[in-house]
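Sequences listed follow chains Z and W, in order. All residue numbers for the first sequence refer to the working numbering, where the first residue is 1 and numbers rise by one. All residue numbers for the second sequence refer to the working numbering, where the first residue is 1 and numbers rise by one.
Worth double-checking, as some hints may not be accurate.
[Unchecked claim] A few chain W residues that don't get close to chain Z, going by computed Cβ distances all over 10 angstroms:
1) Val11
2) Phe18
3) Leu34
4) Glu44
[To be verified] Below, simulated DMTMM-like cross-link-like pairs (lysine to aspartate or glutamate); rule was C-alpha separation at most 25 angstroms, straight line:
5) Lys42/Z to Glu44/W
6) Lys3/W to Glu85/Z
7) Lys3/W to Glu16/W
8) Lys4/W to Glu16/W
9) Lys14/W to Asp56/W
10) Lys115/W to Glu85/Z
11) Lys73/W to Asp120/Z
12) Lys115/W to Asp85/W
These aren't lab readings, by the way, just hints derived from the structure by calculation. These numbers come from a predicted model, not from an experiment. Where a beta carbon is used, it is the ideal one built from N, C-alpha and C, also for glycine.
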Amino acid sequence: MIPAAFEYYRPKDMAGVLSILEEHGDDARVMAGGHSLIPMMKLRLANVPHLIDLQDVDGMSGIDVSTDSIRVGALVTQADIIDNERLTEAAPILKEAALQIADPQIRYMGTVGGNVANGDPGNDMPGLMQCLDAVFTVVGAGGERNISARDFYEAAYMTAREDEEVLTSVTIPLPKGGYAYEKQKRKIGDYATAAAAVQIIKDDGVCGSASIAMTNLSDTPIFSEAAGAALVGTTVDAAALDAAVTAMLGDIDPTEDNRGPVAFKNHVAGVILRRAVERAWSRA
Amino acid sequence: MSKKQHYAITVNGKEEEFLAEPRELLIYTLRERLNITGPHIGCETSHCGACTVTIDGKSVKACTMFVAQANGKDITTIEGIGGPDNLHPLQNAFKEHHGLQCGYCTPGMIIRATKLLEEIPNPTEEEIRFGMSGNICRCTGYQNIVKSIQAAAAEMNAAKEAAE
C-alpha cells in the first residue's frame, strides 16, 4: 500500500499554496486531513505528483458564530465541530451529523473543507450544507468567490471549484427550527446507504418551511426542494410525510452497488427521510 | 523527484532524526525505521485501528499519515505509556480482565483508550463503545475490552482522588 512518489510541500500561507497550484496545474492537489486523499493515493486511484499539505496555512481553523451566520474554516475537523459548544448551541445539526462520520480517529483528522470539496457522493457534509443553504468560499489567483452549496456539485468528484482554486471556508446562515441528520450505514465507518438532513420550522403547529437534502443516493448530494415544499402548510401528518417521500424519490437517482439494489436504496431513503422529518418536527 | 528528505519527530519523548521519502507511511517509519513495533499493521486501509498512535494529543491511524505530515510532531505509542515493570492502569486492566485474546489489536486499543479516558474520565458503556469504534477486535466480542476500560477508569479516578 505504497503510493506513487510525490513532491511534498507545506507552505505557510495561501499565496504559497496558490503559486504551487499555478505552477503545476492539475498535477498538484491540496490536502487537509488527508483521510480521503491518502487512501486513494495508496490504492493508486489518485495520482498526485505535487502534494500540498495545508496544515501550516493560517486562518482556516476557526469557527466564528455571529448573530446571523456561522463561518467554519476549511481546516476545522469533525472533532472540532463536535467539541465546540457555541457552535452546537447555534447549529446542533452539525454535531449530530459529524458524530455519524467515520470513527473517532478519522474525526480528529478529517476536515469540513476536505469533506465538502472532495465531491465524493458518500461524504455527509455536502448534503448537510445544501440543507443549510451554506456558501463555500474558494480562492484562486484572481481572488475569492462564493459558490452556493446547492450549485457546487456537478458529478462524482466534479465540483464548481477550479483545479487552481482552494476552498477556504463555509458560511452557514444561522439555522432555525427543528433539525435532524439521519443516516443508515452498514457499520461504523461506512458511508451512508441513505442519509437525510432536515431543518424544519413550525408556526402554530403548521410547517412554515422545510429544507431537505439527501446523501449517497445520486452521484451528487440532492437538495430536494419538492420534498420540503410537500411539507409546507401541513401539520406534517402521515399524508404530508408520504408526499415528501414521493417527491424526494423523484429527485434521487441511486445506483446498485455493494450497499444494495436500487429498489432497496429507494426503500431505505424513504425510511430515513421519514425518521429525519419526524425527529426534526418533534424538535421544532 | 521525491528524493529523501530530512525529518525530525519526537516518539515517546525521544527525538528521532532520519532521511525518508515523503510518501513513507508513518506506521512504516515507526515499525521498520525506528523499531517501534507496538503499533501494528492490521488492514492498512484506515479501518481497523491496530496502528493507532497519539499525535499532538489526537488519536491517529498511522497507516493514514505520510511521514512528511508528521514532521515536527510529538508521537506517543503503546511503548510510551508503560512497560512490563510499570504497567499503565489500562495495560494492567486489560491483563486482569482478559481484554485481549490474540493481542494483535491491543496496542491500538489501549493507546486509543488513553485518549478516550483523558476526554471522558468516567465513561458509560455506551461512551466506551462509541469512543472505541475506530478499533476492531476479532477475538473478544468487545465485552472484556469494555470491562477493562471501565476498570482502568475506576482505578485512575481513585488514584486521582487519593492524590488530591
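Status of phenylalanine 18/W, Cβ more than 10 angstroms from any chain Z Cβ: About 15 angstroms separates phenylalanine 18/W from the closest Cβ of chain Z, which puts it past 10 angstroms; holds.
Minimum Cβ-Cβ distance from glutamate 44/W to chain Z exceeds 10 angstroms: Incorrect as stated: the minimum Cβ-Cβ distance to chain Z is 5 angstroms, not above 10 angstroms.
Non-interface claim for valine 11/W versus chain Z (Cβ beyond 10 angstroms): 18 angstroms, holds
Hinted pair lysine 4/W and glutamate 16/W, Cα distance within 25 angstroms: Holds: lysine 4/W and glutamate 16/W sit about 16 angstroms apart, inside 25 angstroms.
Proposed proximity, aspartate 56/W with lysine 14/W (alpha carbon, max 25 angstroms): Distance of about 14 angstroms is within 25 angstroms: holds.
Restraint check for lysine 3/W with glutamate 16/W, where alpha carbons must lie at most 25 angstroms apart: 19 angstroms, holds
Restraint check for lysine 73/W with aspartate 120/Z, where alpha carbons must lie at most 25 angstroms apart: It is violated: about 30 angstroms lies between the C-alpha atoms, which goes past 25 angstroms.
Leucine 34/W non-interfacial with respect to chain Z [C-beta, more than 10 angstroms]: The claim holds: leucine 34/W sits with its nearest Cβ about 18 angstroms from chain Z, beyond 10 angstroms.
Restraint status (C-alpha distance of lysine 42/Z to glutamate 44/W at most 25 angstroms): The given pair, whose Cα atoms are some 9 angstroms apart, holds under the 25 angstroms limit.
Agreement of lysine 115/W and aspartate 85/W with the hint, judged by alpha carbon distance not exceeding 25 angstroms: Since the Cα atoms of lysine 115/W and aspartate 85/W sit roughly 22 angstroms apart, the hinted pair holds (cutoff 25 angstroms).
Holds or violated: lysine 115/W to glutamate 85/Z, with C-alpha atoms at most 25 angstroms apart: 20 angstroms, holds
Lysine 3/W paired with glutamate 85/Z [C-alpha distance capped at 25 angstroms]: Measuring from Cα to Cα gives roughly 45 angstroms; hence the hint is violated.
In summary, the structure is inconsistent with hints 4, 6, 11 from the numbered list given earlier, while agreeing with the others.
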